[in-house]
Amino acid sequence: MGILCQCCNQANATVHLTDIQAGGEPVERHYCEECAAQEGITMKPHEPINTMIEKFVKMVPAMRDAAQLTCPNCGISFGEFRAQGLLGCPEDYSEFGELLMPLIRRAHDDCDQHRGKRPGQTNDVGKLRVQIRSLERELEDAVANEEFEEAVRLRDQLSKLKSTGDSLETSKPSDGESTEDRA
Amino acid sequence: MSVDDLTGHVGEWLRGTGPMSDIVISSRIRLARNIVGYPFLSRASGDEKREIYRALGDALSGAGFGSNSFFVDIENISDVDRQVLVERHLISRQQAEAEGSRGVSVSMNETHALMINEEDHLRMQVLKSGLQLESLWNEISIIDDRVASEIEFAFDERLGYLTACPTNVGTGLRVSVMLHLPALKITGEIEKVMRAAKDLKLAVRGLFGEGTDAIGDFYQVSNQVTLGVSEEEIIEAFSGQIIPQIVDYERAAREALSDQRSVQLDDKVWRAYGILENARAMASEETMFFLSHLRMGVSMGRFDQLDIGTINELFLQIQPAHLQKRSGGKLSGEQRSVARAQYLRQRLGHNN
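So the sequence lines, in the order shown, correspond to chains B and A.
Quick note: the first sequence uses the working numbering, first residue 1, plus one each step.
Quick note: the second sequence uses the working numbering, first residue 1001, plus one each step.
If you're looking for bench data, these hints aren't it; they were derived computationally from the structure.
We put the CB at the ideal spot given by N, CA and C, even for glycine.
Hints may be right or wrong, so weigh each one.
Computed footprint of chain A on chain B, listed as stretches where at least three residues anywhere in the stretch have a Cβ under 8 Å from a Cβ of chain A [stated by the list, open to error]:
#	segment
1	87-94
2	111-117
Example chain A residues on the side facing chain B (calculated, C-beta under 10 Å, incomplete) [as the list claims (entries may be wrong)]:
#	residue
3	S1042
4	R1043
5	A1044
6	E1119
7	S1149
8	E1157
9	L1162
10	A1164
11	V1169
12	G1170
13	V1225
14	L1227
15	V1229
16	S1230
17	E1232
18	W1270
On the chain B side, residues computed to face chain A include the following (Cβ under 8 Å) [to be verified]:
#	residue
19	C35
20	Q68
21	I76
22	L103
Just chain A, same shape as in the assembly:
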C-alpha cells in the first residue's frame, strides 16, 4: 500500500456516517509524546532525528502496528504525495514541510495515523466521521499504552507528558471536531459562536488546522488547555456540552432559514448545483463555497440527487494534490481549475 493507492477513495472520516454527521464532519483526538534520552526536534541533529525515527518505528512495529497498516517515509516521497497526506488529514502541514527523517504509520481505513518526528517525537491521532469522541479516546488510549510498553515516554509527576511546546504539556491531548456551519454563516450568527468558543478557551480554525481560514464553512473546534484536566473531562466537555450546543445553534439557524427564507435557501442550493455541474474552470475556494451550499441542501433534505458521503468525497477530490494525482502530473493553478471543473462535471452533471 502506498500513497498512490489512497487517492481513489476516501478515508473513514469523510464517509458522512456517525452521530450528528449532518453537521459534525469528523472527530479527531491526538496525543503528543516524546521519548526520553533525546532532545525535542528543534534541537535534534539529523542523526538524532534518524535515531528517533528508527526507535519509534521499531516501537510501533513491536506494539503490533504494521499488520493492518502501512508506513510512509515522508522524507523520501514527492511534494505532491506529501500534500495528498495533508489533504487526507493523515499528517500535518508542519510535518509535510519539515526536514529530516520523519514518517507516518496509517491504518488501512485511515482512522489511525501515528506521526513520527512532527513537532513532537510522536503524535498519535485517531480520526472518525461524526461525533464519537468516547470511542476514539478508548482507541487512542489503548494505542498509547501499547506504544508505552515498548518505549519510555518523557513524563513528569507534576507536569505530565512533556512536550516541545508548553501549550501541549500535561495530557498532550488535543480534541478537534470539524463542523459544517453554513446556516450560522448565512444568518451572521457565526461570530457569536466564535466569541463564545474563545471565552471557553477553545481554538477555532479552518479545514486544514492552524492558520487556515474557514473555507467551505468548515470550522474545527479544539481544546487549548491540556494541563490540570483529565482526558475524560476534556472529552466529556466536548461531547456533552460544547459540540451539541453548537450543533443546536446550527440546526436552529437552518430551521429559521427554511421557515423564513425558503426560496432564497433553495436558490442558493440549486445555483450551487448549477455552477458545479456546468462550469468550465473552478478555483478551489469557490468550489468549496458552492459545495458547502450543496451539502447544506442535502443534509436539510432539500436536495436529493446526491448523498452526504458523495459531497464529502468531492470536498477531498477537488483538492490540488488529489487533482494532480488523478491527472498523473504536476498542474499549474489554471490547469487545476480546468481539471477541477471537468471532474465535477463528470461526478455531478449530465453535460460532459
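Chain B with its partners taken away, still in its complex shape:
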C-alpha cells in the first residue's frame, strides 16, 4: 500500500515533498519517517510513531490488569484514577507506585525527586540556598574573567554562608515538632 521510500526502498513513504526546480518544474520526493529525519527534512521524533503504537499495544493487557489495581486504604482503582485524573488518598502514591511514576515524570519534565521545602522547614534555609547558588554563579564568572581578588572574596563569603546553612539544616526540625519522617 502506498509509495515506497525512495531512499531505503523498504518502508512506506509518509513524507511527501514537492520541490519546484529553477525552471519551474515540480519534482516529487517521497521518504519514510526514518530517512526523512536522516536527510534532515523532518525533525526526528523521540520515537517513531509505529514503535510508540507497538509499545502501547503491548501495554494494553498490562494496562487492563493495572486498571483493576485498587488502593486498600481509599478503595479507588487505578482505572478510576485514570478516568478522573484525581487520586483518592495520599497512600495511592505508594499503592500505585510504579504505575504512577511514568505519568509523574511526563508531567514534571522527567523528574521524580522532590527538591523543595519540607514541612516545618523555615524559610531561612531556602533563602540561603538561593544566595549560595547566585554566589556560586558569580564566583564562576569571576574565575572565568580572571578576576582573582573578586573570586577570593566571593569564595570566603560562600564558605561563610555554607557553614551557616549547615548549622541551620542540622538544627531542624526544631522544638521536636515531628511533622516529618513519613514515607
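Based on the hints, put chain A in the right spot on chain B.
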C-alpha cells in the same frame, strides 16, 4: 466582615502599584497541601469533608489567622456571593461550584486567601499587584510553616507534598502572573509568545484561570512543573527571566505602535473611551475589550483623564456578580448590560 463589605472597593492586587504594574497586573503564588489521615476530596464523604473543614479551620485559627482576616463558609452563602469571591480571585471556580463543607480565610486587604476543601484539603494563596514574587514567596512560606506547626501535612521524602492531582505533587507550588498584553495582541505577535511559553512548559490562561479565554487581553502565565525543582528556582525563573522577557516584548510592541501607527493607536484608545462613557447597554466581553484599549492608552501616557488603579477597578466592578451586588438583586443578562453601561457612564462620563 462579610462578602457584602467587599464589593465597594478593590483588593490590593488591583491597585495598579508594584514593579512593572503598567503590564503586570498581579502576581500570585499558591501552595497545595493535604492533611494526613483523610482521603483526598474526590473520595471523601460529606462527614469527612466536615471533619477536614473543622480540623483545618482550627489549625488556621491556632496558627493565628483570624485576627486580621475573615472567614467565609462557602457552603452556606448565595451563588452570587460565591461568584463575588471568584471575581475577586479569592476562591477558584472549582471551589465555588463544589459541594459540601468548604471555606476560605481571607486577610483584610485580600492579599491572603486560605481555601479549605478546594481540589486539595488546603490551598493557600498570596496575591499582590505588580511583579513581586520573592516577597510573596517569603509570606506564603511563613504561612505554610505556621499551619504546618498546627497540623500534619501529607509529605513523602521522594515525592514531596502529596496532592490530589499528580500534576501538583512535589512543591505543590503554582506561580501565576497576570499580564496585560494589548499591543502584542494588536501586532499579532502574541501567538509567538504563547508558543515560546508552551515550549518552556508554562501554562497560559485567561483572567479567571483554567478554561477561560484571554478576555480583555489578560494572560495568566503559570508554571506546570512542580516536582524536581525548588520553590526558589521556579520563582527565580519567573521573576528573573520569563516575565521580564514577555514585558520587554510588550513594551517593544507598544513602542512600535506609537512610532509607526500613532494615529490608529490614539483612535483605538479614544474610541474605547467614547463608547465606554456613552453606551446604554454593554455586554461583559465588549466592555473588557474596550477597557483593555483604554488601559493601554493610560499606561502608555496617551490618555491622562484616568489612572491605572481606576481602570483596574472598573475591570472588577463590571463583572456580573459585582453588578448584581450593587443593584441589590439578581439581574438577567440584558439587565446586567444596562446596569453595566450605567455604571460606566457614572464613573467615566459627564453624560449621565
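Each hint, compared with the structure:
no.: 1; hint: 87-94; verdict: holds (count 6)
no.: 2; hint: 111-117; verdict: holds (count 7)
no.: 3; hint: S1042; verdict: holds, 5 Å
no.: 4; hint: R1043; verdict: holds, 4 Å
no.: 5; hint: A1044; verdict: holds, 9 Å
no.: 6; hint: E1119; verdict: holds, 7 Å
no.: 7; hint: S1149; verdict: holds, 6 Å
no.: 8; hint: E1157; verdict: holds, 6 Å
no.: 9; hint: L1162; verdict: holds, 4 Å
no.: 10; hint: A1164; verdict: holds, 5 Å
no.: 11; hint: V1169; verdict: holds, 6 Å
no.: 12; hint: G1170; verdict: holds, 5 Å
no.: 13; hint: V1225; verdict: holds, 5 Å
no.: 14; hint: L1227; verdict: holds, 4 Å
no.: 15; hint: V1229; verdict: holds, 6 Å
no.: 16; hint: S1230; verdict: holds, 5 Å
no.: 17; hint: E1232; verdict: holds, 5 Å
no.: 18; hint: W1270; verdict: violated, 46 Å
no.: 19; hint: C35; verdict: violated, 27 Å
no.: 20; hint: Q68; verdict: violated, 17 Å
no.: 21; hint: I76; verdict: holds, 6 Å
no.: 22; hint: L103; verdict: holds, 6 Å
Of the numbered hints listed earlier, those contradicted by the structure are 18, 19 and 20.
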